[in-house]
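Engineer: Here is what each chain is made of, one letter per residue.
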Amino acid sequence: MLLLIPLLPFLGFLVNASFGRRLSKTMSGGVAVAAMVGSFAASAAASWTLLGMPAGGRVIDQDVFTWISSGDLLVPFALRLDPLSMVMILVVSGIGALIHLYSTAYMHEERDSEYARYFSYLNLFAAFMLVLVLAPNFLVMFVGWEGVGLCSYLLIGFWYHKTSAADAGKKAFIVNRIGDFGFLLGVLLLFSQFGTLDFHALARGISVFAPETARFGTLSVAALLLFLGATGKSAQIPLHVWLPDAMEGPTPVSALIHAATMVTAGVYMIGRNAVLYSHAPGVLELVAIVGVATAVMAATIGLVQNDIKRVLAYSTVSQLGLMFVAMGVGAYAAGIFHLFTHAFFKALLFLGSGAVIHALAGEQDLRRMGGLRKELPVTYWTFLVGALAIAGIPPLSGFFSKDELLYRAYANGHPYLWFFASLASLLTACYMFRLVFLAFHGERAPAAAPSDHTGHQGAQGHLHDAPRPMAIALIVLAVGAVLAGSVGVPGVLRGSNRIESFLEPSFTVESDHAPASTVQPAGPGDEAAGGMVHGAPAAEREPVAGPEAEGSATLEGGLMLTSTLVAVTGIGLAWFFFVRRRDLAEAAARRFQGLHRLLLNKYYVDEIYEAGIVQPVRILSEQGLWRVLDVGVIDGAVNGVAVTVRGASGALRLLQTGSIRAYAASLMLGALLILGYMLWW
Amino acid sequence: MFPVLTTIVFLPLVGALLLLLIENRDGRRDAVIRWTALGASLLVFAATLVLWIRFDPSRADFQFVERHDWIPSFGVQYFVGVDGISLFLLVLTGVLTPVALLSSWESVHKKVKEFSAFLLVLESAMLGVFVSLDLFLFYMFWDAMLIPMYFLIGVWGYDRRIYAAVKFILFTAAGSVLMLLAIIGLAWMHNSITGTGYSFDLLKLYDLRLPRQYEFWFFLAFTLAFAIKVPLFPFHTWLPDAHVEAPTAGSVILAGVLLKMGAYGLVRFAFPLFPSAAAFFAPAIALLAVIGIVYGALVAMVQPDLKKLVAYSSVSHMGFVVLGICALNVQGMQGAMYQMLNHGISTGGLFLIVGMLSDRRHTRQIAEFGGLKAVTPRLVAVFLLITLSSIGLPGLNGFVGEFLILLGAFRWDPRYAAFAASGVILSAVYMLWMFQRVNYGPVTHDENRSLPDLTVRERWVIIPIVAMAIFMGVLPGIFLRPMQPSVDRLLQRVSREAVARAPVAGRTDVTLRATGPADVRVKN
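Chains as they are written, first to last, in our numbering: chain P, 1 to 681; chain F, 1001 to 1524.
One or more of the hints may lead you astray.
Stated by the list, open to error - Non-contacting residues of chain F with respect to chain P, defined by C-beta distances greater than 10 Å in every case (computed):
id: 1; residue: 1024
id: 2; residue: 1143
id: 3; residue: 1146
id: 4; residue: 1154
id: 5; residue: 1171
id: 6; residue: 1188
id: 7; residue: 1201
id: 8; residue: 1272
id: 9; residue: 1425
id: 10; residue: 1452
id: 11; residue: 1481
As the list claims (entries may be wrong) - Chain F side only, calculated, beta carbon under 8 Å to chain P, not exhaustive:
id: 12; residue: 1011
id: 13; residue: 1014
id: 14; residue: 1031
id: 15; residue: 1054
id: 16; residue: 1181
id: 17; residue: 1185
id: 18; residue: 1283
id: 19; residue: 1298
id: 20; residue: 1299
id: 21; residue: 1376
id: 22; residue: 1385
id: 23; residue: 1406
id: 24; residue: 1415
id: 25; residue: 1422
id: 26; residue: 1432
id: 27; residue: 1476
No wet-lab data here; the hints were simulated from the structure.
Predicted model only: the values in this text are computed from it and were never measured.
Cβ coordinates follow ideal geometry from the N, Cα and C atoms, glycine included.
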């Protein structure tokens, strides 16, 4: 049954890839959407079965076939559903289906064959992503991991005739490959130590050892190498550079791949290996630091970007950073919870921006927008919901997940992480509402320049709001963005934080094999009610009691209030600078010109990489290795031998002059020399 | 018993002789000749498939053995057989020869009869190399390969074909001469140690215990010959020239099969014949292999010529093969075997694609292309698939081999694996950059606007390759399982007296090893 979940989109891919040319748009779009809806239905059915199982043993395994077997290496191609992967498949197939639906309208101007090509890639992506999250071992995960990278490459470069799009696709793939280098080595290290690649078996093996608190041992090395892979896929420092460029792809692709699903793979991978990471506290700390640094850096860049999609791209990088903060403080469930809510509101925001771009005939520059509120009401209101959710305004989903994450950072003893993560939240609220105000409020900017994204209706005159399939997707996602937080309402607000207790078994070793080393550093405040979705009360967990719990409840409440204030402040700042006193924003940009340019140019990271790595390698390879070493030295030596042989034979040939006198003379000379030698000595 | 192997080996030769009987003065019977040659090669392919079906995958020793005295006074025999290591190389040769013939269907017009005959003679020699279990016989086939290849490059090649052909011959011959001396030396040592006369019998020589210094010198002589063939850095400079100047069919066979001869030679002869020397030199050879991986990739990256790019990528890929062999453990060795097949498929496929582009545009300069995806979508689709296979995307063939090799290397010494793994990044860089410049962006040259997409014949050429790439990526077990017993046997032989090398990463963490189950389970 599990196999059906990735198989349906894969079949959709096969249909569109093989017969796409001959299918009408309705057909190819229909096949693709149907495949995703089917996959979502299968996911839902599988989830239902999983929820019906007792809380401790929620695992469904399906072996498909033996993939690689060599010596003691045995890698089955298998799938495994557990609470963590259940959350993921529902997100991927559910949001994926909506984005497929949205795409049927968004991509409608493409030619039939291009339309089919688009949907074949999109289906293929979904199939790989589902394999990634259902994988029971590292190698099957790597199939999905690389597969989504490939689809991302193909979809970013979908408009391949644009050099910038083709460049961006290639950059994404190569930067991801740098991460894969670490990922692969991490996998090799784990296998050579534990003789297995299965996540459960690895967790069991690892749990035997004590956490490497004092030293940087093998487990830490493995965790670090895997984290390099995660930074590639999830666009964290130093491998974040590909994601903003990925906005060259069609907007629904940005929504699906570069916001809601694929980029979260790194976060997911760490969650999947929670036991390993909990045994490598040093690396975990690094994860948190990288996460928070990325969050702040990307947020500051997002503050000044003028391309609507780039703002959202940096926002994604920033939010992913927050997820890594949660992972880094050992609050795996909080990280996954934020991943879950983020998928809704970020997909919503991207699709909303797509609706704007669609309406404006490809215009993406915020400075040429404005006043769209009246003309695009559906887009505006749904977008506003998304913006409020990401800013963290209660009771929208983003509030609960972000708050949980901030609270964990603080409660687990990292107040500085909490501070910087809150700063990132402030900036988030600020740049999101800057975007909202610039695009939807105020007056429409005159005469948008004609753009290269042709085929859409002209920008002037009456604008059309999102067509029906797009509107449906926006509204459903908006509802999701409001409600998704309800699975994780914390105890302090009389919720039960169900998602946390539900996910927890995925982050620990199964109890029947080893003493369950709970890796979740228990935050006592919200452990109270374990009320599982399907009955099964978590009876073994301690009920809340005592003043300590109360104290932490106060703390949590206080932090919650703070973060709400932070969000409101951010929105207020945006309102002040971009609605009330536009001139002040511009004056500030002029006043701090250097800083402004630094942010606008993304801290020049691309330029540094280009000058520091790309060009030196290229010049070294071309001038040094190829022209000098290969052609000059090695081949030169070979040709040198040939020339020497030829030269020597030429010299010998000179001796054979054919002149009798010369021969006679040399004969005489030789005889004299011998004679002299004999006489002299 | 029916002499299966003899039939397979000499069938192409018979085909070639048949071709010579066909009168073809002014090219009137070109079509007849082409079809006859193709028919013969397909027959051989079918025969190799039959061999595969009838092969017993559970046995480690040689099967379908034929043994006859040839020159008894020197102990020379006609001794052939197949095991899990050579089986698939025979099948690969069987696949690639018809593909090579088909690929030159329209691009070769000069002396079609001789061209086809040379290809078939070459096939006989290659098959002979893979089945020979007598060193003298092996050497005969080994040198016999040179002659048809020399003519294929020198007569049907591009502009600098003579230079390339001579360079190819000189490089290979230089290595071969030393190997011949070592072979004769071995036979002589057999007599002086056992007192039972000269012998070129591989199985007897496997059991021979040589004095240490002889073993070292013989090993170096063999290895030099094979290293040139692989080619191992820094003996690779003949390869770019040979590839660039060879006709497409020549490049396909060269990359697909001939380069495998070197790696096969290491596995079949150099390592098991001289195990302690092999163990001693393996780190140095592996170092050259790792340098080759990175170096080949970096140099490939900056090539302006498509064929040179693919040629240097071969240096990189074959470095992986040699690294796997040097790791001397199950995964490394099996990965190397598998990577040999993969490289034949993916690099063979790349040369076919480049050949198709060059047939259309009569140039191989990357800068002359651009934006082909809009013009020839089907060609670009298969191009993409083969590119992905070459950069080792999981699900396609290249990944399985690379992963096994990296795993084997890592267990031996993580440092080699770490350097080799950087090839994972670099292969993506040079392949995708090339792919983008050829296929994406706007069409920049007017000549490219009206290029035809894949023809029916070209589809027949390339689809088997693509199908193999997918099949071998999804179901590697079909190939790995029959290899396993022979690889185990080989590793036993190599570690016969060489100190058994711990397969577990010894330099990492001692405390973990106590429970690491890897210790127990690895076979050598």
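Engineer: Does residue 1476(F) hold up as a contact with chain P if the rule is Cβ-Cβ below 8 Å?
Structural biologist: Since chain P brings a Cβ to about 6 Å from residue 1476(F), closer than 8 Å, the hint holds.
Engineer: Under 8 Å, Cβ to Cβ, is where residue 1054(F) needs to be relative to chain P, so tell me if that hint holds or is violated.
Structural biologist: 23 Å, violated
Engineer: Residue 1188(F) clear of chain P by more than 10 Å, beta carbon to beta carbon?
Structural biologist: Consistent with the label, residue 1188(F) stays out of reach of chain P, its closest Cβ about 30 Å off (over 10 Å).
Engineer: Does the CB of residue 1422(F) sit less than 8 Å away from some CB of chain P?
Structural biologist: 6 Å, holds
Engineer: When the nearest CB of chain P is found for residue 1376(F), is that gap smaller than 8 Å?
Structural biologist: This hint is violated: residue 1376(F) lies away from chain P, its Cβ roughly 13 Å from the closest one there, beyond 8 Å.
Engineer: Are all beta-carbon distances from residue 1143(F) to chain P longer than 10 Å?
Structural biologist: 21 Å, holds
Engineer: Test the statement that residue 1024(F) is away from the interface with chain P: the closest C-beta pair must be farther apart than 10 Å.
Structural biologist: It holds; residue 1024(F) is separated from chain P by about 37 Å at its closest Cβ, greater than 10 Å.
Engineer: With a cut-off of 8 Å, does the beta carbon of residue 1432(F) approach a beta carbon of chain P closely enough for the hint to hold?
Structural biologist: Holds: closest Cβ of chain P sits about 5 Å from residue 1432(F), inside 8 Å.
Engineer: Quick check on residue 1031(F) please, does its C-beta sit within 8 Å of some C-beta on chain P?
Structural biologist: Residue 1031(F) check fails; min Cβ-Cβ to chain P is 33 Å, beyond 8 Å.
Engineer: For residue 1201(F), which was marked as not at the interface, is the minimum beta-carbon distance to chain P over 10 Å?
Structural biologist: 30 Å, holds
Engineer: Per the CB criterion, is residue 1385(F) less than 8 Å away from chain P?
Structural biologist: 11 Å, violated
Engineer: Tell me if residue 1283(F) is really an interface residue toward chain P, meaning its C-beta lies closer than 8 Å to one of theirs.
Structural biologist: 18 Å, violated
Violation of the numbered hints given earlier is confined to hints 5, 9, 11, 12, 13, 14, 15, 16, 17, 18, 21, 22 and 24; the remaining hints are satisfied by the structure.
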